[in-house]
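Peer 1: Chains A and B, in that order, give the protein sequences.
Position 85 of the first sequence, counted from 1, bears residue number 85 in my numbering, the numbering being contiguous throughout.
In short: position in the second sequence from 1, add 1000, done, that's my numbering.
To be clear, the hints were calculated from the coordinates, so they are not data collected in a lab.
Everything numeric in this text was worked out from a predicted model, so none of it was measured.
A portion of the hints provided could be inaccurate.
[Claimed, not checked] The following residues of chain A were derived to be distant from chain B, with all beta-carbon distances above 12 Å:
(1) Arg27
(2) Ile28
(3) Gly42
(4) Asp48
(5) Ala54
(6) Ala77
(7) Ile90
(8) Gln121
(9) Val127
(10) Arg128
(11) Arg129
(12) His136
(13) Leu140
(14) Glu143
(15) Arg146
[What the hints assert, rightly or not] Pairs of lysine to any residue, SDA-like flavour, derived with a Cα cap of 20 Å:
(16) Lys1321(B) - Val1414(B)
(17) Lys1321(B) - Tyr1290(B)
(18) Lys62(A) - His1173(B)
(19) Lys62(A) - Ile1114(B)
(20) Lys62(A) - Gly1226(B)
(21) Lys62(A) - Pro117(A)
(22) Lys62(A) - Ala1077(B)
(23) Lys62(A) - Phe1425(B)
(24) Lys62(A) - Val1330(B)
(25) Lys62(A) - Lys1321(B)
(26) Lys62(A) - Tyr1290(B)
(27) Lys62(A) - Ser1254(B)
(28) Lys62(A) - Pro1112(B)
(29) Lys62(A) - Leu140(A)
(30) Lys62(A) - Leu1109(B)
All C-beta atoms, glycine included, are put in the ideal place defined by N, C-alpha and C.
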Amino acid sequence: MPSMREPERVAEDGSSVPAGRRHVVKRIGCAVIASAAAVTLGLSVHHDVQTTAAVLSPASIKHATAADQQEECIYHAIRSELPSGAAVYINDPVVQWGNFQRLAELSTLWAVPQPSPATAQWTLSLVRRTSLVPGHCSGLALEIRRR
Amino acid sequence: MSALLLVIVGLGAPGFLPALAVAGRAPVLVFLAPLIGAGMAAVAAELELGVGGSLPTCYAVVAVAANVAVIAWWLAAGRFRLRAGPPWGWSIVTVVAVLGALIIPLSALRAPIIGWDANSIWLTHALMVSGGHHELLAGLQNAVYRFSNPDYPPLVPAAGALAFALFGRGDLHVAIDVTVLLNACALGIVGTGVAAVGSRRRQVTRLVAIAAAGAICLVGFAVSGGYGVDGYADLLWAAAAVGAIIWGLVLPRSTQTLVVASICAAVASLTKNEGLTTALIVLILIALRYRPLTLPGLRRLRAHPENRGLPDAAASQMARKWTERAAFVVVPALPGLAWAVMARLIGLQNAFFVSSSTESLLSRADATIAGMAAHLAVAPVAVAVLVAGCCFLRRDRERARLGNPAWLWTACLVSLAIIFATYLFGAFEIHGWLANSVNRTTIFAQVLLYADLAIWLVLAFDGVSAHEGSEQREASPAAVSAAGDAGHDREAGSLALAEGPGRLTGLAGAGRSRPAGPGTPQAESKY
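From just these sequences and the hints, can you work out the full model?
Peer 2: Structure representation (structure tokens):
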């Protein structure tokens, strides 16, 4: 009498498992993998959409535009108020490392920052100014002193 | 925006022919061309620093030389026709889907944000490169600019300087935008790599693979947060390195995937110092995948009837293999290594190791582990999916001739170990250093693990929706052998990770060819 049992075959791990059960187990395993991967990727995609929305919020755009304009303003102020190739010493009166780096960056290709005031002809610094003072850059002004 | 598109054309046009030669009509072509152009710009910046001249001149020289070399190769090889590739329809849908996904994060370019490093490092260097040889050399050697990590590689500054050459320096933000677009291109290469995993499967799986490709592009920007769109270069090197892994260590071995991976590795190595170390790791693994180590190889070669009595022939064959392995690593890494050597020769030092920290190694290690773990929340899920995938989808991965996942995980763990060691032995105060950087130094590992999830997703979807016929095919794994790979596996009682990816610690058996399913494509070409 023929057996009614499912055919058996050797599985990947060497064990003898009925083929039908193996298919079911594999499908469940695949479903779990696909679900876990899809949910994890989906959460991250959602996070990106949120991040982009935050960057594009009116407040964020306003802040970024103001910072960009301030940068451009300082960049042009350096070029209009200093002679090309001037040896400058960057002095930061409020010891803001950020302002030092900004001035060094924005004077690149126009002035030559010096590591010591002894070799500099000019001293550059960024100082706070109210928006009523002419020549300010969104609350900051470039201060240049001849040595 | 039109200026930005023109810059991308300026980068993509010189890179188009080389990209076409490599990719044919595969969707990766669209994203590869601008990155090749950026790589050319970086090599041009190296020439500018090392030889002299200005960036536009050097860029023209490099672009013409590269294109002439490609045309000469094309003519010499008689390859006037494009290589056989995937169907046009699939390629177009993939490109549209990936570009469509990238539009979401790229829409952030409407806000002109500039990150800290974008200003203090990348814009500063871009202005230096833009000024020509003397300005570049003097600027990098100027002690005032030490804050800008002058030894950093030149790809991002060169691309920015090229934008200045085209449009002047009136709008500095255009250089930032170019970096963001290069980030997107690198992620596009990762995405098209994920899509390629499903390219030869059933239509529904192909669609899932394309959706996963779009998702991984968004994920890349998600894990980077604001750093993806404000001019930082961390996403660029990370995505390029992940692209190198997907194309070189995951997708089936072929000339095409090897060259795409090599280009990605070169881009990573030219973007940041971390990119150079990671690219070297990836290239070494690629060399070992394409030319597996054969410990008893010399003995077997000598025992081979053809080589009996000819120990020199066997030795020379071994030497040739080692030469090929070295070439797989050195050739793509050459531009990145050349920059590192030049930086050392002109006296530029990496700020991370100029002095030693007073903190104990234990406290630094504790802080580093906590800091890195906080940004690797995806790792437990990735490990669980890896284990489940190896249990249920081993044969599917073998049939698709995909690389063993151990390659990908080795690259990930070794790269993380190097970053960990940098924090451990670096000079800076550890808590401040981690607070400022660990969210960026872990982008590579995060994108890589998400890409691994996307690949398992495609395979699992194919597995869960497989009909009985395909299950039966799986039951007879010896049906067809993949011609190209079998030759490689036959090489050896090898230490190489067996390409059947489920075997995490497998040793390839000597003289054994790997089984593959009927759907397995023949090797696309020699490699």
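Peer 1: Okay, which hints does this one fail, numbers in order?
Peer 2: When the structure is compared with the hints, numbers 1, 2, 3, 4, 5, 7, 16, 21, 22, 23, 24, 25, 26 and 27 turn out to be violated.
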